[in-house]
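Mature numbering (1 follows the signal peptide of the UniProt record, and there is no 0) puts the sequence shown at residues -21 to -1, 1 to 101.
Hints listed in this document are in silico derivations from the structure and should not be mistaken for laboratory results.
Any given hint could turn out to be false.
Quick list of in silico lysine-lysine cross-link-like pairs, DSSO-like style, CA-CA up to 30 Å [what the hints assert, rightly or not]:
{"hint": "1", "residue 1": "Lys8", "residue 2": "Lys48"}
{"hint": "2", "residue 1": "Lys69", "residue 2": "Lys86"}
{"hint": "3", "residue 1": "Lys31", "residue 2": "Lys47"}
{"hint": "4", "residue 1": "Lys8", "residue 2": "Lys47"}
{"hint": "5", "residue 1": "Lys86", "residue 2": "Lys8"}
{"hint": "6", "residue 1": "Lys31", "residue 2": "Lys48"}
{"hint": "7", "residue 1": "Lys8", "residue 2": "Lys69"}
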Amino acid sequence: MRARSLLALAGALIAAGAAQAAPAPEAVKVEPVSLNCDAISYRGTLDPVTVKQLEPIHNLDAVAAVLKKKGYVFDRARGVVTIGLPPEAKANIDSLPPGEPIVLPAKDGGIVCVLVPSADSV
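I would like the entire structure built from these sequences, with the hints used as guidance.
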């Protein structure tokens, strides 16, 4: 995973209020976005060493291997993830190469999502 586009994106989303139930009115505007994903959802917070190990990874199988080795509890599934994103975060996701993992905040941890093209995607 590229730190610039993924791990930094997760921090920006949390700072922008994407992980909050209801952002304050003066906060950055977020819009709900539905992402069709092959995803790993993990519990808790990733420690800095694990984050550093995930930075160069570009596929979900390798993400799962690192999390398993480190003892993190996670699930893997396909489905639609709906999250509130600021416009610049959505633009960053849209600019990623196909198959690039995206780290998204979740209530009790996070989600590493690889977008799955849909019939109406270009």
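Consistency of the hints with the structure:
no. : hint           : result
1   : Lys8 to Lys48  : violated (38 Å)
2   : Lys69 to Lys86 : holds (19 Å)
3   : Lys31 to Lys47 : holds (15 Å)
4   : Lys8 to Lys47  : violated (36 Å)
5   : Lys86 to Lys8  : holds (19 Å)
6   : Lys31 to Lys48 : holds (14 Å)
7   : Lys8 to Lys69  : holds (12 Å)
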